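Protein sequences appear in the order of chains A and B.
Each residue of the first sequence is one higher than the one before, starting from 1 at the first, in the numbering used here.
Each residue of the second sequence is one higher than the one before, starting from 1 at the first, in the numbering used here.
Worth flagging that the hints you see were computed from the coordinates, not collected in a lab.
All of these numbers come straight from a predicted model, not from anything done at the bench.
We put the CB at the ideal spot given by N, CA and C, even for glycine.
Be aware that one or more of the hints could be misleading.
Covered stretches of chain A (in silico footprint by chain B; criterion: 3 or more residues with CB under 8 Å from a CB of chain B, positions within the stretch not fixed) [what the hints assert, rightly or not]:
{"hint": "1", "segment": "136 to 147"}
{"hint": "2", "segment": "168 to 176"}
{"hint": "3", "segment": "189 to 203"}
{"hint": "4", "segment": "215 to 225"}
For lysine-lysine, the following DSBU-like pairs were computed, each having C-alpha atoms within a straight-line distance of at most 30 Å [to be verified]:
{"hint": "5", "chain 1": "B", "residue 1": "K200", "chain 2": "A", "residue 2": "K143"}
{"hint": "6", "chain 1": "A", "residue 1": "K182", "chain 2": "A", "residue 2": "K282"}
{"hint": "7", "chain 1": "B", "residue 1": "K157", "chain 2": "A", "residue 2": "K286"}
{"hint": "8", "chain 1": "B", "residue 1": "K200", "chain 2": "B", "residue 2": "K121"}
Spelled out from the first residue to the last, the chains are:
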Amino acid sequence: MGSERGGIIELDTDSLPSPQYPADSHAARILKMSDSGGAPWWVVVTGASQGFGAAICTELAPLLPPGSRILGLARSQQGLATTAAAVTKANSAVTFSPVVMDLSTATTQDFEATLKKYLGADQSTPPSQAIIFHNAGSLGALKYLGEMDDPTYLSSYFNLNIGSVILLNAAFMRLISTLPGKVTIKVIHVSSLCAVEPFKSWGLYCTGKAGRDMLFRVLAAEYPDIRVLNYAPGPLDTNMQVKARTLTRDEELRKLMSSMKEEGKLVPCDASVKKLLQIIQKDEFKSGEHIDFFEV
Amino acid sequence: MELPSFPPSFPPSLLTRRLALPLSATPLLRLGNQYSRDLRAERESEMSDSGGAPWWVVVTGASQGFGAAICTELAPLLPPGSRVLGLARSQQGLATTAAAVTKANPAITFSPVVMDLATAKAMDYEATLKDHLGTGQSTPPGQALLFHNAGSLGTVKYLREMDDATRLSTYFDLNISSVILLNAAFMRLISTLSGKVIVKVINVSSLCALEPFKSWGLYCTGKAGRDMLFKVLAVEDPGVRVLNYAPGPLDTGMQVHARTMTQDDDIRKTFTSMKEEGKLLSCQSSVKKLLQFLEKDEFKSGDHVDFFEV
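Here chain B stands alone, though its shape is the one from the complex (with noise of 0.2 Å):
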């Protein structure tokens, strides 16, 4: 069996495959893109000016690893009065982020809100909005920005393993749907305000959306699952500009437990060697990269972007 490299070569992914489709099929292919094309004319004169006005920020799992470096990176670059409101079970992990945001930024306001999102309702989503950010009467955002950050590797075990419904029921939740959920909360507040709000759905994405791994079937199919999830989103909703990007192997927690937890052999130790040599990435540097891809702005709405093809 194959071992996967990094950086990874890319051999055409299932998203993006083109199915040798007879005429009698294609109708339903041309759906997706019909709206894109006009609306982007509007979208291109929307973008050039955005002005001081505050943003909106979201970010999941914001109490640690890229999470907490997305607020981190971004607070500096954000109009004065700007707000982030940061989602994570840990308190303390969000005090940390709240504490470097503020040095980086002290004109910007960071919410940290203690929340588990696999078993947040949409009400919860809905007051945590309103309370930190704003609801249809404030002033609208120059930009309101959603990071689909959090989640979680699951149990990294064969499939012929799996046994626990319980287990996967939570799984799910966390991992594909909180993230329906609060995006159709934040969406729905958005389209609530007054005037044009230019928005970015960021989903944090990863290989793994793309090419199988061996023991890592949840987060897998979790991921891939996501991938299309934004992909439906971004079809929807053409005014809005929808990201699914792949940050990388990142130097986190995450990467501790897939390197001391992963059933497979071969898969264990190519994360162990990668961190050996040296090879995982910083957060801070894949969170730039990220950033910088959103203010050049120039993305099909819903692609999937990988770290190491920017």
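Chain A with its partners taken away, still in its complex shape (with noise of 0.2 Å):
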């Protein structure tokens, strides 16, 4: 994940594997995504340096139609890089722009210019679809709540958790109101069980992600044009799932992380994106729903 308290364990990140779809292959043409008109999307996607935002951005790839945008945004110059030749690799008709970004510190004006810069600057080719996936969280401090004393703390992890979304949010469906025809536009939220359920010790990641469903279930009833969704990935094997299973302060959640790990019960990221896309693709989800992996 980065620099935020409770350590840090790198972890080396190969190259993800590129999927391939023959043209006329069944996968193919249940997950195309592109619509008639074949004009290019635009995507954004948060924490794209790794895990399961950086396995968005390469299984959507292919599916795009030529031209279209991908704007990966992290803290990580170098897993970016690795992204940006995984996409590359698996559509090199789709350009990947890598920016290196901390959002718990982004203003507006970041945000604004960034969108404009690698997505709004060619006009010529409006998009007919605009994806943003609010993926990048992090856990936070996993201690009980007794132990919490740190304000500093506590509001950069809202920060990144709640305020960065509602503002990168806000710019984003901005820029896209300022385009001519109709754009399609679909926010993904990357949830998770916690926004529905308590863990003990995971008081700041469950407050976050119960406050974030709740803010995508007020975006979706205020603008009934974007389809908005929550989707929870279930336990990926990634690098917050390492922190997890040796972090958390509760004895037994920890444990039951690691059996998880030990029994080859994480679900791996390419997996849990396959079928977010296919959610996204059927669009038959009430907007601001909650839905996990496991339901579908």
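With the hints in hand, could you dock these two chains into one complex?
Right, dumping it as structure tokens:
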């Protein structure tokens, strides 16, 4: 994840395998995302340097119409470079723009400038769809609520996990609203079971996720023309999961996380992303709904 | 778009939804309730007798509205020698509450403390609790109650218009973080006391924790987050009684803000008509229900309960 309290666990990030979809395959027909016009799509993914965010980029890339643009935001330049290479390999007709950014301190001006530069600058081919994946997030200090005593830390936590989402989403929507023609907007929030169920010593993460789910339900109510989805991806095999099974204060929960790893019960990112993309493609969900990987 | 109705019907809330999960995921869900059952028997034997031992009570946003009503309605029910600590930014408001509390029960102490929760540090809370309630060496209270009432609506405009990082930061500093910090300081103090103290933590919640309201993105997000925060508290500390109480639409300063500043026309008109039709609740009536509910003590810790449900 990055330089947050509780320590960092760095793992090698090997190149992600690129999915191969022969043009006439069943998968290609089911998952083909482009509409009849073939107009390019614009995609924004936060936390695009690793884990679920990187998988979103690489799984989505081959399904996008030529000329589509993906903007990947994260703090790790190296991670973004890895994602960039994987995306280009998966679909060389798509542009991936890696932008190093710390969401917890970015201002609206930062978001507006970045979106404009990498998406909005070229007005010659407006997109037919614009999708934003609010994926970046952090577990935060995995200790009991009674031990919390640092207001600066808490402030920073909610700046990243709630504040930045509001600001980026608003900047994104404002940009799209300036475009000519009809642009279908889809807003995907990477949620969690933690948005719905409490977990001991995960007070910050649960609070943030529950707040975010509601945020996106309000968004759905305010803007009925956009498609909003709260997607809980299941327990993923990522760096965040490593932190979960090593640093969780609650012993029982920590052991449960460890055993999930040992018993091979963690979900590969690409498997969960594939399900997410199918849900998006089918487009039958109620805007603002919370859908879990295991429910589908 | 459907207008919210009051009294509301209650569609299944996000927080109580039952997901159809396969067996592999259910162990995660079982953890939460495990300790509650074990400790219930112990708790029931404690509740029968708090004796005449004084209580400690903390109320945030005690200068007006619901917070002031909590103080004045609770006061006459408290054993002599009880201490009520009222936190707020308004010295004048706190003075009014102090006078009302003393009138309601001169045998208890009300300590008004001016404090801005959005910027207070852990040590500020610790010092205030120590100065006005006690320390680990004090005679333990019979009950210790903390009402997390202070809060703000925030900017009531559509989410696409949000563009001020500092304002958002301050909003969640007040409505989420300060609650975490104060609650932690309170629990740490209680944990240093000798003997068993009955502890009740009440989050003044809202229908907005369960249902989205257009142009109330900040408030809904904060309230939904807080409800979950207190659910986590409930599972982490099974010995503490935790309640998320939604008081209904109250006739307060916050309500005035709601019906005058809400950007969404539908929502704003709903609030205006509630006022005109006399459908707003008095703080006293809602507090009375809350106190009755607390006294009965039958709720599941961490539950969300609404004025209209009780």
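Structure-based check of all given hints:
1. Counting residues of the segment 136 to 147 of chain A whose C-beta sits closer than 8 Å to any C-beta of chain B gives 4, which meets the bar of three, so the coverage hint holds.
2. Under the rule that three or more residues need a Cβ within less than 8 Å of chain B, the assignment of the segment 168 to 176 of chain A holds, with 5 such residues.
3. With a cut-off of 8 Å between beta carbons, the segment 189 to 203 of chain A has 10 residues touching chain B; three or more are needed, and the interface restraint holds.
4. With 9 residues bearing a CB less than 8 Å from a CB of chain B, the segment 215 to 225 of chain A meets the requirement of three and the coverage assertion stands.
5. About 21 Å separates the Cα atoms of K200 of chain B and K143 of chain A, which keeps this hinted pair within 30 Å; it holds.
6. A hinted pair counts as satisfied when its Cα atoms are at most 30 Å apart, and K182 of chain A with K282 of chain A qualifies at roughly 20 Å.
7. Our distance criterion of 30 Å between C-alpha atoms is met by K157 of chain B and K286 of chain A, whose separation comes to about 23 Å.
8. Between K200 of chain B and K121 of chain B the CA atoms are separated by roughly 23 Å; this keeps the pair inside 30 Å, and the hint holds.
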